[in-house]
Amino acid sequence: MSKPHEVIIGLEIHVQLATRSKLFCGCSTQFGAEPNTQTCPVCIGMPGTLPVMNRRAYELAVRTAAALDCEIAEFTKWDRKNYYYPDLPKAYQISQYDLPFSENGGLLVHDPKQQIEPRFIRLIRVHLEEDAGKSMHDEAAGRDDSRIDLNRAGTPLMEVVTQPDIRTPLEARLFLTELKLVLTYLGVSDCNMQEGSLRVDANINLHVDEGGETVATPIVEVKNLNSFRAVERALEYEAVRQLDVYEETGQRIGDVPKQTRGWDDAAGVSRAMRHKEESSDYRYFPDPDLVPVRITAEQIAAARAAVGERPAELRARLEREFGLGGYDSDVIVNGGRELVDYFLELAERAGDGKLASNWLQQDVMRALNDRAITIGEYPVSAAALAELLAKVKGGELDRNRGRDVLADMEAHGRGVEAAMASLGIESVDDDALVALCRELIAANPAIVADVQAGKAKAAGALIGQARQKNPNVNPGEVRRICLELIEAM
Amino acid sequence: MFIPHESATDLVALIHSGDLTAVEVTTALLERIERHDASLQAMLRVDNQAALAQAEAIDARRRRGEPLGSLAGVPVAVKDNMCTRGEATTCASRMLEPFVPPYDATVIGRLREAGAVVIGKTNLDEFAMGSTTENSAFGVTRNPWDPERVPGGSSGGSAASVAAGFAPLALGSDTGGSIRAPAALCGVTGMKPTYGRVSRYGLVAFASSLDQIGPFGRSAADVAVLLETIAGHDPADTTSVDVPVPRYSESVSRPLENLRIGWVKEHFGAGIGDDVAAAVREAIRTYESLGASVREVSLPHAKYSIAVYYVIAPCEASSNLARFDGVHYGMRTDEAVMRAELDDERARLEKAGDERGLADMDTAMVRLYRKTRAEGFGPEVKRRIMLGTYALSSGYYDAYYKRALQVRRLIREDYDRAFAEVDMIVGPVTPTTAFRLGERVDDPLSMYLFDLYTCGANLAGLPGISLPCGFDGQGLPIGLQLQAAPFEEEKLLRAAHMYQTATDWHTRRPELA
Amino acid sequence: MSLTREEVEKVSLLARLRLSEAELDQMTRQLGTIVEYVELIAEVDTTGVEPMAHVADVANVFRDDEVRPSLPRDEALRGAPNHDDECYRVPAVMGD
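Chains as they are written, first to last, in the working numbering: chain R, 236 to 724; chain Y, 5 to 517; chain U, 89 to 184.
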């Protein structure tokens, strides 16, 4: 029986900002170029060169800080973090130390599946820094070498550091999901983990309850987390491992130096990484080559005003104005701002949020998925789909016929009327419909008897038969007429 | 006419008028260098063909009737810590011996636009760290007035080349006195402009918040022309200030009226040579005779300048020079030797069963860094890197770097108060005249104290000019320093020119052997 | 306060310098003298004085987010002491 304990997790997230050029020089930040083709004397750190700050990077960073409810500093400066590594050509990273441009924000984490209560995770700071290059081990026979590519060196990064407020690996994953959503809504990053645009390191330790006394175990930093799912798995593993270590050794925080471990997702284990004590003496000091940045209270207020609706606010609006449930609002908002805009127009025009939500999720999003396209590329406009929904709502089409029509609209880019015409859907005149109903009643005495016995549902079988005879009949009308005729018998 | 002694302004006029060609000027100076530099070693590299090609191009422009720049055909010697595209830029260090920058420093670009001929790169203390030019990895520069003595430093090659008539103008850089002190010791005029007045882009950084490029010449009027050419805002250097550049060359000959000068008691305290003190006092009297009013001003924190400077400069240097690590450019230690050495060490430790030693052993990468830097840097550079690394290391930042930056502000505030009362502070440049080669190499602190009167201007970001004001008993030049408030270069140049109109110290030339 | 040889040795690793035994001795002595001298600044009352990292009062200098041509790769790599057609080469750094 293991001791009662709490898991304490803090995250550090590096996000590549969506700029065209690097933070301090004009080299491109485009992913996937041939090694060392996007470098210049500045980002190679050649002697005599000087950095000049990218305005857009600062603007994107401020926008993020505003969206994360951070305090934005009216004065911020750049510091040098000194360490030697061959992918760091100046042997210092331009970063921010004691006066980051923003501090003390937070993000509300919620769980659409409601496995956890919504929780507010506080942020310690958000700061700007430049990325390093890439080291690649050369496996070629007989060579004990690494190869260095500096294309990424100098790319603008934003570092988001949370308080150790996260209590479960699931919460960590949900936090990251929400953060990524916010950042993509803001357009500040593409957050592509495969391309390294979003990287996560996690700090984790335990607070063990020793008969009323809380004992903190040594903090471990976990690196090499390549997906949000990997973050969750690694933290689950670490929590168990740390408890085992604690129960075996009794080590408390401070007893051993902070450890760094790398996560091996395939093997499902973390492993200690080599770490020299001296390497953490970064000798930060203000970078004399870069002047500070001042921003006025008015500019900060303007940045906050420009943030617009954040995902959490949109979810709340969809629930409030359109009566959606939490799950539905989450799915739509997670689909991105463009999908939300599509939904809003559709729901307004159709005058029915739930119907719009159902069609959007069950039909439109499926089509997007199948065809691997974005909502912007979807051939059916919200206005056209709204017309279709009006016909479904009015009983002119049932759900299945409606789907056929939508498929035709998607395939040929036509409007509702044209699609219906091409499918040969036309309204059946009233006399023909009554005649059809009479015919069915005469042919199905058993069903008639059931209906007369009070089982109104039994009429459904008549509707099915009516549609076999004429696919264009309005099922609602068939039902109404059949019930009237049986009543009158 | 003796071309090596002509002023830059006269040469420009003669070339513009066609009385002299740029090729004639360059040829004359190349010959002089050829004859005398073997003993002086002011120049690190002179590419005769490249220099003549630049001169040819100027003459061709003139023949075609195209407009000529303000320094058309005038040879300028450049300290070898300013990047020249496609040509070696070594900082007098083994570390950068193989380095060829693919870009020009902004000042080099401006020289080229003005039609100047970059005649060669001059010697310096390695990475501009030193006061004598003895710390060069490629030989010691000698003082043209006495080859047994130092030319001052770190821009000793530039100062000596101007004094020796190798070029009428030269560029140097000044971090704690590295233009003004060698100007004083070599008997020429040299100016450190206001921090931010001249772009640092392409100047290999020593201490970024103190470094400033500046001109050398044989008169204030020549210095004015060169400063006017190189000064001004540069978008590539965010610390360069966007303040209009006055036409120094036009205003320099206008005397200042009602000039108020101040002198500082601390400048005449212990350590100053009698000859130097006497010459500076005499210069102050000269200014009085020219109508200036004189009063004493106080710089109460001046006595901390050296201490502050020798925290800030090494701290910044330790970071600025970290990039010289043998990975992306410059030299690298012999890798095979390095690996063999590590293998031997490992074998020895294994044999001895020394677990601790094995765990502490450098990785190949760390050893590559350490050996490259050990072989690439000279002793003074290592000393300053060590000092700065120590002062910035964990636990010491507040006591050294932060405190030094605080005292730096107090030093600046002293100056601000003084310049509310006077236009200029007049004083010595160096405590003594040129000393003998080798005299102080084993005593770094005594060497550092040589910057006592100069490093305050760097800490406060002020302009300062050094001009000849006499000779000591051994015939060695003495320098006079004028300092003013930020962006008052014009005032300094006009005041220097007033003095040079009233005296002839700046016209004296050393006899070269 | 004077420096110990062990401190100097530690700093030499931080600074990525390899000093011989003789150099370590000399460095310890010389740095000790200099450090003792610069500690003169400890006597200054700096209460409430803002550190001066920049002398020029300049702020907010930016460039526009525009891509400018990079160096051709061969030109970027040309000066490197060890490189192949694509990359700089160094002793293996994995796990460092």
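Mixed in with the good hints, there may be bad ones.
As the list claims (entries may be wrong) - Using 30 Å as the maximum straight-line C-alpha spacing, the simulated DSSO-like pairs for lysine-lysine come out as follows:
| no. | chain 1 | residue 1 | chain 2 | residue 2 |
| --- | --- | --- | --- | --- |
| 1 | R | Lys458 | R | Lys316 |
| 2 | U | Lys98 | R | Lys628 |
| 3 | R | Lys493 | Y | Lys495 |
| 4 | U | Lys98 | R | Lys493 |
| 5 | U | Lys98 | Y | Lys269 |
The set of hints was computed from the structure by calculation and includes no laboratory data.
Just so you know, these numbers come straight off a predicted model, no measurement behind them.
Now for the hints, and whether the structure bears them out:
1. Lys458(R) - Lys316(R): At roughly 20 Å apart (the allowed maximum being 30 Å), Lys316(R) and Lys458(R) satisfy the hint.
2. Lys98(U) - Lys628(R): It is violated: about 79 Å lies between the C-alpha atoms, which goes past 30 Å.
3. Lys493(R) - Lys495(Y): Judged against 30 Å, a Cα distance of about 59 Å means the pair is violated.
4. Lys98(U) - Lys493(R): Measuring from Cα to Cα gives roughly 20 Å; hence the hint holds.
5. Lys98(U) - Lys269(Y): violated, 43 Å
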